[in-house]
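Guided by the hints, dock chains B and C onto chain A, whose structure is given.
Chains as they are written, first to last, in the numbering used here: chain A, 1 to 120; chain B, 1001 to 1477; chain C, 2001 to 2417.
Hints are computed from structural coordinates only; laboratory data are not their basis.
Quick reminder that beta carbons are idealized off the backbone N, C-alpha and C, glycines included.
Zero decoy hints are in this set.
Taking beta-carbon pairs under 7 angstroms as the criterion, some of the chain C residues facing chain B (in silico):
id	residue
1	2085
2	2098
3	2100
4	2103
5	2122
6	2127
7	2130
8	2138
9	2145
10	2146
11	2221
Over the 10 angstroms line for every Cβ pair with chain C, so calculated as not near, a few chain B residues:
id	residue
12	1106
13	1110
14	1130
15	1180
16	1184
17	1212
18	1234
19	1247
20	1327
21	1367
22	1369
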Amino acid sequence: MKKNLICVSCPLGCPIEVEIENGEVISVTGNTCKRGDAYARAEITNPVRSLTTSVKVENGVHPVVPVKSSGPVPKDKMFECMSVINSATIKAPVKIGDVVIENILGLGVDIVATNFDAGI
Amino acid sequence: MKYDVAVIGAGVVGSLITRELSRYNLKIALLERCNDCAMGATKANSAIVHAGFDAVPGTLKAKLNVRGVELMKDFCRELNVPLKNNGALVVAFSEGEIPHLEKLLKRGVDNGVPGLRIIDREELKKIEPNIGDTAVAALVAPTSSIVCPYELTIAGVENAVTNGAVFVRNCEVKGIEFSDDEFTLTTTQGEIKAKYVINAAGVHSGKIAKLIGDDSIEIIVRHGDYYLLDKSQGSLANYTIFQCPTEMGKGVLVSPTVDGNLIVGPSANDIDDGDDVATTPEGLNGIYTAATKSVPAVSLRNAITSFSGNRAHPVTDDFIIGSSKANKNFINAAGIESPGLSSSPAIAEMIVDIMNELTGGMEKKADFNPIRPEPVRFRHMSTEERAELIKKNKAYGRIICRCETITEGEILDAIHAPAGARDVDGVKRRTRAGMGRCQGGFCGSKVVEILARELGVSMNEITKFGGESKIMYDRTK
Amino acid sequence: MLNYDLVVVGGGPAGMAAALKAKEEGVEKIVILERAETLGGILEQCIHTGFGLHYFGEELSGPEYAGRFIELVEKTDIDVFTDTMVLNVSDDNVVTAVNNNDGLMQFKAIAVVLAMGCRERPRGALSIAGSRPAGIMTAGTAQKYVNIDGYMPGKKVVILGSGDIGLIMARRMTLEGAEVKVVCELMPYSGGLTRNIVQCLDDFGIPLRLSCTVVKTHGKDRLEGVTIARVDEKLQPIPGTEEYIECDTLLLSVGLIPENELSKDVGVELDRVTSGPVVDEYRETLKPGIFACGNVLQVHDLVDYVTEESQIAGKGAADYIFGKKKGGTFINTKGVDGVRYIVPQRVNIEGDENLKLYFRVGQVYMGAKVVVECDGEVLSSRKKVKLAPGEMENVVITAEMLKKMNENSEITVRIEE
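If we strip away everything but chain A, and leave its shape as in the complex, we get (with noise of 0.2 angstroms):
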């Protein structure tokens, strides 16, 4: 079975096709790097996104601080994270990598801030 991709990796956004036989990759085509490569196998057996928000943040300059998750979690994970991130709060000051969450829902992935916010 022949499956088509587009890597979500970098800007680029090549189409990748893989091969997949009893649901093994057999081979991967059309990426330009090694990452490309990881991302068709990953997206084939698990996929996985890095994830982007805010959590709210007490005694900011802004009412929330932007975070990020420290690598990909799994796809279906996205809104069980998210969960766990909208009930958390943060104590300003803040500063860029401070973690937000350690190892959020036990995925080896830690929530960790991306700006600063110096508090009021």
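Leaving out everything else, chains B and C in the frame of chain A:
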């Protein structure tokens, strides 16, 4: 609440009536259905002070238009509203249309309009270089002017409130009873009592008159679409350029606005719902086609917004001003369509005359202040004036609207003025923040923030123009 | 009057990169004037990732990408004025700016870099019929509400335009609990990056309708719905294809316009296609000493290219300040046959370095060739798997090639199918 006079409707007519009545020792309430004044036809019309050659001689329209032009200068000076006397042209696009011009010229002369003359193609090209090539002649009306209708209205309300009138927002009149020489108005803001009621309710004036049993006012809602073009296009026309009029009105005009934009419109079609101000594809296409006949360089590439307004067209084709047959203390100022803006100061004057007659003469207020102070207009100031201003008040140093160069200080002034802005569009009409080419893309959220802060509410309680027009829902988290 | 060597108008990625490069080149007195409360420009609200793969070799979010440059700026003696609006640039390079702390300020500069960025095309430019209720806004405005102010601008959303901001906001609003019903695109192709269609729409089952537009908005106070319709090849709505979609929010992602009001004031000549200034390879405009870079010059797809371009402008400004700027013989570049524009529009044939010409195509091409020609001679021809209007492309002109040109030459770039 008990008042001497309740004016229903805070459009330009209601505003100037209230302002003129506030010269007298009266308790006046100006009742407005919406969250702000100038929310009906007043905020969506051609913004022209017509010279007065259109109306049939002998009509109220003719009389009040010409008188209105005379009074407008004083009103604008006292209320500090910019008025620009740019003149108007009615253009004939074929030899066959020239008799129309002659007819208008004669009407104008009969109405007492000064300076009218017909010019040929060559002269037309000279004074209006971007005019379409098919133009053959034009009637020139040098006394025609442009004014911002909502600015005039806002200024009138501000001045009236300064002189003691009460502005009641979100006050829809649902019922009117008359007993013991007094009206009781049932409104969405509770009961309001008044000895005199003035009906300036625009497209709804027929409905309001019916509340006291006056069925004589029949209003047709005449819908018109407009385009507003970027300031870079404001110089495409020097004059207000009309085509020959049709049965439905003065036709599509192309005109500079007093703020330097170019306005194109209106279309004209009769509809049922006076509150339906949705633009139509047919209307917009029609005015664009017609406008390019007058000025071929008009391009929608430069449109910054489109909008529409509903004119209150009386079936009698003339303004309906005077005591109602149902009750003499109920005074109609109804069926005010074009030239309504032009006539508004004269309508106010006429209402004062009627009131003087009804009351046997009103007592003048000793401390009436006719001046509405000129708002700070940072964008028109020199570098030195700006520096001086910011030294006095730092808020004028923070630019909120980039396109129109509007400062936080001006927005604060608009909110804290008498009958000040309560919503984003109210700030926009008073200051021009969000009126520019990005249409509030950048400053919209800042205006919401400032309104929320100044009114002591949260950002998601701020609306675009009152009612359910909220801009944001709940917090994301 | 404050005297500076270089005044940079705009503290987004373009302004910061230009200032930093000029500093690196030895320019002493530099000031950045930024209208927002912080440096970073629009990146501050672009909290998604996808920035920096080319420049930093890693994928960063907007604030992180900006943060790296902010940190670098803070380490230098570059002066920064935030919350400061530039009102005017005069003919003799006096920049008038204002803020509420310092009041009105005038900066006399040897060189000026214009880096004001761009704005979104609003509804008014589209002539969509219908009512004008609350709930109709540009995707970027919604992005600010959600990501900076922390408010939801709506619950049921239709997006018009498949530019990247629209696609990104489709995902962002969905993650925050809104229902994005459809993304309509007037053109037969998307204006955004393919990967954004995959990870912002496909991932969430949001339909993308190509050759489709919003023809009418409904609702008096708050938006209640929109009517969408298919369009024909002339982009005109096809009668009978109308469909009503209930929604409370319409987000517009229908194009970006470089913000060149200041440039116009100072008399900089603009390119009709890019709406940005006409520049040479040093990103100097036709007005000596005035440079432009970033989205004010041309709308970019990737911030990495903004940084690259702005460093060129920063270097150009430094050379100008030190009197090192090369004179020379400038010839025009021209996009033909599917190439909508080229930046830079002018090239110095006496230049001795390789340079890149950036361009965008007018439609989608599969397997077409990008051909560079001069005086009837093919300088290069390269086959590309895919060319799309949403993506900025470039070709290299080598110093070798320049040597063969003369003052009457013209470099053209075209697409050969």
